[in-house]
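The lines below spell out each chain.
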Amino acid sequence: MVLADAFIQGILMGFLFALISLGLTIIFGVMDIVNFAHGEFLMLGMYTAYCLSISLGVDPLVTLPLCGAVGALLGLVSYYGLVRYLLRGPMVAQLLGTFGLMLFLRYLAVFLWGIDYRMIKKGLLVGKSLTIGPFHLDMTKVVCALLSLVAFTVVSWIIFKTRVGKALRATSINREAASYMGIKTERMNALAWAMGGITVGIAGGLLANFYYIYPMVGLLFVMIAFATVALGGFGSIKGAFFAGILIGILETVFPIIGHLLKTSIIGPHYKMTIVYLAYFLVVVFRPRGLFGWEQ
Amino acid sequence: MGAIREAFDFSDFPLVERIGFGIFCLFLLAFPWLGMDSFGMAVMIQFLLFSLFGMGWNTIGGYGGQVELGKAQYVGIGAYTVAVLMVRWDIPYWFSMPLGVLIALGYSFLIGYPLFRLKGHYFAIATIATSLVLQDIFINWNFVGAAKGIELPIKGNTFLYMQFTNDTYYYYFILAYFLAGVLYMNWFRKSKLGYQLRMIKIDEEAAESLGIDARWCKIKAYAIASAFVAVGGSFIAVYNLYIDPESVMHLELSIMIALMAMLGGAASLWGPIIGAAILVPLDRYLGSWLGGHKELMGVDFMIYAAIIMFIAAFEPRGIWGIVERYRGRRT
Amino acid sequence: MKKGLFLSLLVLAVAMGLLMGPFAGGVAAKAKEIKIGVIYPLSGAFAAAGRDLRNGAELALDVLNNRYAELGISIAKWEGIPSLKGAKIKLIFADHRGEPGRGADLAKRLIMDEKVVGLMGCYHSSVTKTVSAVAERYGVPMINGSSTSPVLTKRGFKWFWRTTPHDETFTKDLFEFLKGLTEGKVRGVKAVPKEEIKRIAYACENTEWGSSVAKVIEQMAKEYGFDVVKGILYSAKSPDLTTESQALVAAKPDCMLFASYISDAILFVRTLKSMKASPKVVWGQDAGFEIPDFRATLGKDVHGILTRTVFIPKVVKVKKAAGKINALFKKRYGTDLTGASGRAFVALQTWAHVLNAAGSTDPKAIQKAANELFIPAKELIMPWGGVKFDKTGQNVLGTGLIGQYQAKGGKVELEIVYPFDLATADMVYPFTTWK
Amino acid sequence: MAFLEVRNLTKDFGGIVANNDVSFSIEEGEIVGLIGPNGAGKTTLFNCIVGYYRPDGGRVIFRGRDITGWKPFQTAREGIGRTFQLMRAAGELTALEHVMVGAFLHQEDRVEAEKEAREVLAFMGLEGVADLYLTELPLAIQKQVGLARALAIKPVLLMLDEVASGLNPTETEEMVKLLKRIHREKGITLFLIEHVMEVVMPISERVIVLDGGMKIAEGPPEEIAHDEKVIKAYLGEKYARGL
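Protein chains in written order, with my numbering: chain A, 1 to 295; chain B, 1001 to 1331; chain C, 2001 to 2435; chain D, 3001 to 3243.
These aren't lab readings, by the way, just hints derived from the structure by calculation.
C-beta atoms are modelled at their ideal positions from N, C-alpha and C, and glycine is treated no differently.
Ranges of calculated distance between the beta carbons of each label pair, as one might list FRET restraints:
#1 Glu-3136/D with Asp-1012/B: 10 to 20 Å
#2 Phe-1159/B with Lys-2391/C: 27 to 37 Å
#3 Lys-2330/C with Trp-1089/B: 48 to 58 Å
#4 Asn-1166/B with Glu-3136/D: 46 to 56 Å
#5 Ser-156/A with Glu-3027/D: 55 to 65 Å
#6 Glu-2195/C with Phe-1095/B: 47 to 57 Å
#7 Gln-2219/C with Phe-1095/B: 30 to 40 Å
#8 Gly-1002/B with Glu-3136/D: 22 to 32 Å
#9 Ile-257/A with Gly-3069/D: 34 to 44 Å
#10 Gly-182/A with Trp-1216/B: 40 to 50 Å
#11 Leu-3086/D with Ala-1176/B: 45 to 55 Å
#12 Cys-1025/B with Glu-3136/D: 28 to 38 Å
#13 Trp-113/A with Lys-2378/C: 37 to 47 Å
Please work from the sequences and hints to get the whole structure.
Rendered as structure tokens:
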């Protein structure tokens, strides 16, 4: 019973992790760059939802499209203002650059909004929970899971079924070849950043419904997003989805096993450890993650 | 003998750099008598410490080109070995420090072996992951004080335990490590391993075709880096006299170490030193001055971040890269 | 080549300049000013607490250096330190960001460069450890107002005094309170059978502070005959606490005890509520549970939650001074005094009394004065018996409070429920808010 | 006993057979060319021999030793040197340093390694570029540095991957001369992979032809040039290109 509950909670968390990781993996897939500032995009998405719902007095759910728009804008500005230049350098410089961007955005938020904790208090989903049989589920997380599914479906559709998607994939497989084929790779990069920004912006807007908002909030999620994307295989959409859910389940079920076995060695204090350990073990045996591409 | 000669041989640097470094060394030696205030001293100690960390990282991260973001675990190993042995069995620093380095070496071989199956981003994330796992273990491990950390007994002035009531001693202590580190790195960059690593960084396939066991070379470089960092960690233990997993094994420490070396210029002798010389004072002084002003909250970090972004975008080889580009030679 | 030469020199010059620059201009010391260094977490993840602490200390400074006769406490009439010819205190704030190493460096700066007479701070017990070690090494007195790790005053330090009670005292208060609950001593609640509240589960954050609280809880529970059915140490920086909450709920405890910082405290409440957790008693060990953000953010969801604290605005009913100072504080900063700001106030107040008694800024005189100090209860805004240090430097007259958040109309008030004789309202029992 | 013997070598990539049952041998002191149209499996075969791929079947025997499945660095230490189609140039190491890295295989000491490297560069007539970074050199010279680097490990067998690709006719001619000198003066066995027949024919003593992963012909260059199967394979490609 407890286990089943943990399992369901884990899957719900997993959907959220997957949604947050989606943007990261899109960007990586197209241009082999890990965006350290991803968590900060999420944070700014949360602030967008917060500020809009407070100042306009609307339900935070209504602000989701705007959160997505802010995310897209953020992605584009980051790409044209910074990342474009980073691409010329080695991987080290790319990490350094996006790390700088992360610090910059984080403290920009500190400067703009201060370090107070904020929380959306009113809203359709806020504080509601859904009771199915013996299970109590946080309403936001349920909606989050649904939206996560939608986002993955839409993104997969765009990437695998449309012409733009074909161009994106061509760019990701071989940049030079793609540019010979007349694909404007620069524009594809920007598109990837915009898409990544939209998904993470929406994730932020949703998260704002049940999570507190403050400038350092990004760091909490970005590590999990890294682990998710790496576990699933960098650049793999399917990988991010399943790895997200796997991590959600691992993280919630593992400590409960400890509880059921009545041992304190296995417990919530190791919940992140198990996630990182799982990642480590998986990549040692499958160096490209669960669904990563062979080179 | 040859190795020692190589370590002291700076002849492939332009004269001006040799003179500059000489002056800088004199400045470092004379620093405590220049009438600086003690915060200046504390900042200098941090600068030397982070230079040491950065130089260590540079072996694997700079020369080897592997983006390694888990050095904090070795800071922890070095610091904890000294602290635990001193608290539990009253073992002097000069016994526990080498032991800590040995443990760091052993551990680095142990995890380096699976770790270097990975490449690129998978490797980078995996180094973070291993560091976080070790931190979690220390947080929950009662023998080493768990999350509460360990306080070292205050012993007064003693060279055996390397505890002093005056920071000047600590300063010369870390300066000695720093200079030893510079000499080691000066040898290292010209050593067989140093060249092999750079070859691996350029083209791993080509390196293997020249009979280089790339994975083994990387593991060796990783171990050297870990030993360096563990030495620095042992210093932290006796300098702060209190350590906890949060302060010596934190992810941000790992990133800071890599950041300084990268910003200053990876794969160069002076790079990590320059990186530390810029970032440490910037961090400490900006933090200590602006941190107190409510209305400017965050501005210090924004300046800091802007510098990092600018360097990354326009001079990916770091600040020293600018100099190298003009003088046309890398060292 | 010439360019290379020029650039190398330039880089070297810049690097040196950065190192040397700050040393060039020293601050000329003004006469008749007593500098106290204050090290708080002013930025970073704990900046909210840092701001609260700073406000408390600054208010106390204002009260001390200027005349506020209507407040009815001695420092309000002093306008400086009387025995030092009205010398004013000057606070020099420094930001440790929660990092012990940084705290130690700042302590050195304050001691050696700013030549402070004494130190105050640091909130985080871990930082207080390194800072007090520096103070001890340099023989500079340090008064700590808000770090509650018991071990701090068990280290035989000669230059360290702590005004606040520590976690052992606080946790003992909790168990005294629970015992009182079974004996019918709590206002508005009939004696509860012990079986009904016997099962205890706790979740403590896993750094220095939380883990020492956990240890004390385990120990006290045994002493008072309660069962700890679940104990969790968790990371306050965890992105979600679903797992932890679930483990708590799964253990079906009667009492849930927390030692949390603000972000995790908020998250716990939200998550437990979504799981419709139904413990009978929810108690938080200060920190996150009593910072204004907690109540402001969660609103009615906190109805019935107990928090151990050292200051509750309702104290004004029993302490006149507290009411006036709270009003002043609220006027200036918009919130009520909290345990953090209140204790920062008291810490500075204690400094003023110590300096006045010493009549000198000589460390030895201060040490002597601090050891012999007695501040009577009527001077304090805290509901303590006063301030008097024992041999270890611990204030033996400090006591804790337990408050309960109660939603009344649209507002959430923090009412005192312990000590029983200070109770300001009937206790809400059992806890049903999340059902 | 053959110097290098490849027996029934097979390699398939998830169903796509790149090499199918290829067998041949090379004698010490020979110059052998391996040709074939695009996608014939030349590079795969090459990589199976030096160890970048592990063959799925068959054996590779070098100087009487079974080196099947050895790692590239192990085959290099065994005496097999190789060059690459493209040099990955980076402003990290100078030409001299590239060659030194090769020399380090037998040398611990930097000074000695540098001496050896300079000798190799001198042999190749590259003294002038010793202190330049690869990024500062034209492609032809880069390729020569690659060759010098491989020579520095003192190989007994040198495997050259499309040594003439990207070079103009004059440069190609020079390269061919250089290879002949290496063969003559150092007595190193050469094994060339070439896509363009015209390059291999003049220097090879024997030519092996691959098509569709299989060996279709083997013999002296003049014979091969008139072999029907070979002509067909190459013609087929030309037709395909025309389409």
